[in-house]
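*Asks:* Between the sequences and the hints, there should be enough to build the whole structure, so can you do that?
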Amino acid sequence: MRKNVIFLLARQLCKDAFRSKVMLIASLLILFLLLFSAYTGWENYHDQNLTRGLVQDDVQESWESNPDKHPHRMAHYGSFALRKKHVLSGFDLGMENFVGNAVFLEAHKQNTVNFSEASMSTGLLRFGEVSLAMLLKVIIPLLIFYLGFATIAKERENGTLKLLIGQGITRKEIVFGKWLGLWSLSLIFLFTVFLVVLFFVLIGSHDHLHSDTLIRYFVLLLSYLLFFGILSAITILISAFSKTAKGALVKLLGIWLLFVIIMPKSLQAIGYYFYPTPSKIEMETAVEHDLTKLGDSHNPDDPHFKALKDSVLLAHNVQKVDDLPFNYGGFIMAQGEKLSTAVYLDHQERLYEVYTQQNNVERYSAFINPYTAIKNLSMAFSGTDFKSYLHFKSKAEAYRFKLAQDMNQLQMDFIPNKGKEGPSKISNKYWKEFPPFEYKFLAITKVFKNEVISILALCLWGFLVIFGLSRLSTNLKAI
Amino acid sequence: MYSLLFKSFFRTKIFLISLVLLMSIGVISILIGKQYLVKQEKTIVAAQEFQDQSIKRNVEYHNDDLGLLLYYLRFTLINKPENINAISIGQSDVNPLLQTVTIRGLEGQKYDTDFENPSLLMSGNLDLGFVIIYLFPLILIAMTFNLYSEEKELGTWKILAAQTSKKASFLFKKLIVRILFVFAVLVLLLFMASAILQIPLNQNFWAIFLQSILYLCFWSALCLWMVSLLKSSSFNALALISIWVVLTILIPAIVNNYVINTYQVPEALDAMVEQRDGYHEKWDLEKDATMTGFLEAYPQFAKYSVPEDEFSWIWYYGMQHMGDLAAEGTSKEMMEKVMKRNTVSENIAFFIPTMHAQLSFNSLAGTDMISHLEFLKALSKFHEDLRLGFYTKVFDKKSADSLNWKNHEAKFYATKQDFSWLHLMLPTLIITMIIGVFGAINLQRL
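One line per chain: the protein sequences are V and S, in this order. First residue of the first sequence: 110, per this note's numbering; consecutive thereafter. First residue of the second sequence: 1053, per this note's numbering; consecutive thereafter.
If you are wondering where the hints come from, they were derived from the structure by calculation, not from laboratory data. Since the structure is predicted, the reported quantities are computational estimates derived from the model, not experimental observations. Positions of the beta carbon are idealized from the N, C-alpha and C atoms, including for glycine. Any given hint could be a false lead.
[What the hints assert, rightly or not] Capping the alpha-carbon separation at 30 Å, the derived lysine-lysine pairs in DSSO-like fashion look like this: (1) S:Lys-1339 x S:Lys-1283; (2) S:Lys-1132 x S:Lys-1225; (3) V:Lys-415 x V:Lys-529; (4) V:Lys-263 x S:Lys-1065; (5) S:Lys-1059 x V:Lys-360; (6) S:Lys-1132 x V:Lys-218.
[As the list claims (entries may be wrong)] A few chain S residues that don't get close to chain V, going by computed Cβ distances all over 10 Å: (7) Val-1079; (8) Gly-1176; (9) Glu-1203; (10) Ser-1221; (11) Trp-1277; (12) Asp-1340; (13) Glu-1380; (14) Ser-1432; (15) Ser-1451; (16) Met-1477; (17) Val-1489; (18) Gln-1496.
*Replies:* Here it is as structure tokens:
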């Protein structure tokens, strides 16, 4: 293969494309969409984070300004965790609008994360959202197909393909030249979008996370680069092996619909169909059932807590709980919290496993559908996938647990047992000592681990199309 | 003439592919609807059982302290599902089917969500509504884009033109054959849905039925117009798919982004914090700070005394209610914002048949935003009735045994929504007629 021939062919394809009407209309449309989605994406990220940051600060302020009181009052006063958006959510919205944004953290109870954008939206949300990533995932592929369907098929129909081959250009050179041309054409859009995203990354300061965000950025860039390469190759291959340009177009449109619209949705639905999940009330019933079996701190005759009491009395060598050197109520609540949290998290873990099974049906289809691979990769590295949300949720739960247990510990240390001398309140300096909720995004290494399948699938697709282009191009029919 | 056209159509590959695709995905979507209904039923049974069991157990533990008992007890209000929900699941997967609340502050419980896989929420339900809105137009496009151009490109058009003087009417008939087939599949699927999902053939069902027919008429008119431009097959395919993408993906998504960004709802977060602080700060204040507000809202409890230096249930539930009152204004603003989002979306949808079809399906199936807001209103009423019923008994220090708990099973709320046929049909009808007329005029020139 001669490099200069390939470049010449590639350049020719680009030149022809720029002369076509499709390119002009598409470019205008995409420019509009780019501006619109960049603006709304940034505005959404910025405004939401600002609001949530302010509320989070308010929450901390009111926590600290509580007067002296009984620590258990503070455990019930609780706190809120607000989900911060990653700056790259301005690029790929992912599940952002379908997961909750705020959760009330209090003792004894795991509350749901509420106020998702979806819960405050009309049915329109189901049509999808415009984001820069959506442009790259959904619209540009269609454009690549539009621009590329005729490349080889049309040349064959016109008879110019025969001429090219007659001039000593090999079939391989033709195929690779066209591929390179189409790919570079798509990269114009890719680089424009990523230039905008670079601005997002640079001005949307996650302070300490700058390098982390840059890695995410470059992974996204590389993935989309590869994705467009794969799509361009598919286009060229379909065009090369279709009798007519029309046939190639119809096939490519079919592929687009199947890959982007029909397959992801159907597979998600199938996953849901085969792995049913319990409703909240069913899970709560199960949690309560398990708890009453293990030990119910509300039940005065519960054997588990009765045994606990006896062993504590024995260890401290006293007759009555009121004689213990610490507050017994605080101790029991700490034990109860530990037990109920463990049971709850166990059930929740099982629920998430079913979700993972549901999602895996679609996830593994990345090996037949490159769109699925890029969709999951893009969400994960933009910090808007399910795992990122779970990470927030687990951090919020950890904070809740620490809050409840710290308050229980304060009660044990400073509040006297019934009938003993001592204060019923403690100083508010202890509230100020309790650190605020600060959320750190999922570590980049974890994201890589979560997305092994997608990365593998995308790379496999890369090899497959290169192999396809070089092997099959030798069979290219000139007429 | 028609029988020949039908025969030739039945021999095409696209006929077979369309039939298999529409029927299989259509049936899958109905089964998904069925599964959705089964899950709802299971949830309701679980909720009823939960309430029953929890009352039984807690009454045993806290018989002598009704105030404490009611601190724990949760009461369920269920948004009574209708089978027609399953045709267009809409927002009913995001919004919970039921809410179980204690008689403490409502604001902190009202917006609790149910568990649902966010990946599923994102990709949306594959319900019959989706099949009608997305897939049927695609099939129409696939069957009609080369109606004329194929004959032209194969060279058969010249032979045909030489044999008939009514070229336009021939094309028109060819189109009718294809449209009739699509309509037949649509009607079949709708009746299958009605049979499998046991949807009564009531006004709402027929409204969905007619809206679907009208929606496909719109796409048929669009295809007719495209054919009437007499362009090449490639151009038609490219143009029609682009229109489909613009109408079913881009415009609704743009409108959605616009609505979400323009009408942001920070009030939701504010109300949440206000409610907590409004309640908790009362613990550190004089009893009067609570009782004045509480008795203003419910003067009927003025006769109960509130001891100044010890805990009492009237004070406790008063504080809880003060939390709700503190958040009342912001909460109302939040609801208004959400309503505003709905109104703006609906108004824009009048001009875009795809959006109009989706929103009217949801509204007719009772799975739209408004149905949920109505449910939340009913929940507030339910909560207030519960509180007022229990307050007297708690303040009178009645024992738990003295209450008739049989009356406190899970309750149902049935939504009743009216709709206007004019709003439902007119927008799409007008658009369809305009496009259809343009197409017909073009064809006459053939």
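*Asks:* Run every hint past the structure and note whether it holds.
*Replies:* Taking the hints in turn, this is what the structure says about them:
no.	hint	result
1	S:Lys-1339 x S:Lys-1283	violated, 81 Å
2	S:Lys-1132 x S:Lys-1225	violated, 47 Å
3	V:Lys-415 x V:Lys-529	holds, 22 Å
4	V:Lys-263 x S:Lys-1065	holds, 24 Å
5	S:Lys-1059 x V:Lys-360	holds, 25 Å
6	S:Lys-1132 x V:Lys-218	holds, 28 Å
7	Val-1079	holds, 12 Å
8	Gly-1176	violated, 4 Å
9	Glu-1203	holds, 14 Å
10	Ser-1221	holds, 26 Å
11	Trp-1277	holds, 18 Å
12	Asp-1340	holds, 18 Å
13	Glu-1380	holds, 17 Å
14	Ser-1432	holds, 17 Å
15	Ser-1451	holds, 17 Å
16	Met-1477	holds, 19 Å
17	Val-1489	holds, 26 Å
18	Gln-1496	holds, 27 Å
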